[in-house]
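Asker: Take these sequences, add in the hints, and give me the full structure.
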Amino acid sequence: MNTQQKWIAYYTILIKEILRFTRIWKQTILPPVITTSLYFVIFGNLIGPQIGNMDGHRYIDFIMPGLIMMTVITNAYANVVASFYGSKFQGNIAEMLVSPTPNWIILAGFVSGGVARGMTVGVAVTVVSLFFTHLQMQHFWVMVTIVILTAVLFSLAGLINAVYAKSFDDINIIPTFVLTPLTYLGGVFYSIAMLSPLWQKVSLLNPVLYMVNGFRYGILGVSDIPLWVSYGVIMAFILMLGGYSMYLLNKGTGIRS
Numbered sequence: 396m397n398t399q400q401k402w403i404a405y406y407t408i409l410i411k412e413i414l415r416f417t418r419i420w421k422q423t424i425l426p427p428v429i430t431t432s433l434y435f436v437i438f439g440n441l442i443g444p445q446i447g448n449m450d451g452h453r454y455i456d457f458i459m460p461g462l463i464m465m466t467v468i469t470n471a472y473a474n475v476v477a478s479f480y481g482s483k484f485q486g487n488i489a490e491m492l493v494s495p496t497p498n499w500i501i502l503a504g505f506v507s508g509g510v511a512r513g514m515t516v517g518v519a520v521t522v523v524s525l526f527f528t529h530l531q532m533q534h535f536w537v538m539v540t541i542v543i544l545t546a547v548l549f550s551l552a553g554l555i556n557a558v559y560a561k562s563f564d565d566i567n568i569i570p571t572f573v574l575t576p577l578t579y580l581g582g583v584f585y586s587i588a589m590l591s592p593l594w595q596k597v598s599l600l601n602p603v604l605y606m607v608n609g610f611r612y613g614i615l616g617v618s619d620i621p622l623w624v625s626y627g628v629i630m631a632f633i634l635m636l637g638g639y640s641m642y643l644l645n646k647g648t649g650i651r652s
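Following our numbering, the numbering of the sequence shown begins with 396 at its first residue and continues without gaps.
If you are wondering where the hints come from, they were derived from the structure by calculation, not from laboratory data. Take these hints with a grain of salt, some might be off.
Have a look at the derived ranges for each label pair, beta carbon to beta carbon [what the hints assert, rightly or not]:
(1) F526 to Y639: 39 to 49 Å
(2) Q400 to I446: 53 to 63 Å
(3) S591 to N487: 43 to 53 Å
Where a beta carbon is used, it is the ideal one built from N, C-alpha and C, also for glycine.
Answerer: Structure below.
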């Protein structure tokens, strides 16, 4: 395939993914916006005043970056795992793999679709947050790069989950028992400085902590983790999951077998 044909293949997969989640926006975009609004009302307006300031910011302002990142993570992951498994179930992926389309184009198309949904929901939640908080954006490009890299990372994770899934129930196991605990314990609602030294060390094993704090630094200018460490951890996971995703596609795991 020449460059133009590769671009057409990538663009086709991406547009298909975008149309997929925008057609059912009442299921893909609206629910996380409503859920996050409830978080703002309950934790921000009702509980927040009792907690007071955290790291020099109102509690509702402190949790806002974490809530936005949480929706980006869950939606980027959910989009790819559901779409890829659905295509695998229908046999579309097998047809793509035997076509002249390079596997990295297929991977890039699905991941870009996950990023698109994660960013779309993230923007929607950010707009809603303006009714509750004061958006500052201290470091705009840090905020943008962190959220995009995080969406890429969890899109790759969603694809790996979909490759190994053997039923529609399997695509819900990781989000329920792994993704949800990681996000809730990833510093969304608190600073790890509040924890004992032991639990601070344990928290450092949670990769979501680095993403939430990097994003929080971009918006509020405060973080429990050095910025370069956040970037390093995210990039390391992207390289590992990206390489493993390509390995699975090249081998045809869960697809050709």
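Asker: Evaluate the given range 39 to 49 Å for the C-beta pair formed by F526 and Y639.
Answerer: holds, 41 Å
Asker: Given the hint of 43 to 53 Å, check if S591 and N487 actually sit that far apart at their C-beta atoms.
Answerer: Since the Cβ atoms of S591 and N487 sit about 50 Å apart, the hinted range of 43 to 53 Å holds.
Asker: Take the C-beta atom of Q400 and the C-beta atom of I446, compute their distance, and say whether it sits inside 53 to 63 Å.
Answerer: holds, 56 Å
Every hint from the earlier list agrees with this structure, and none is contradicted.
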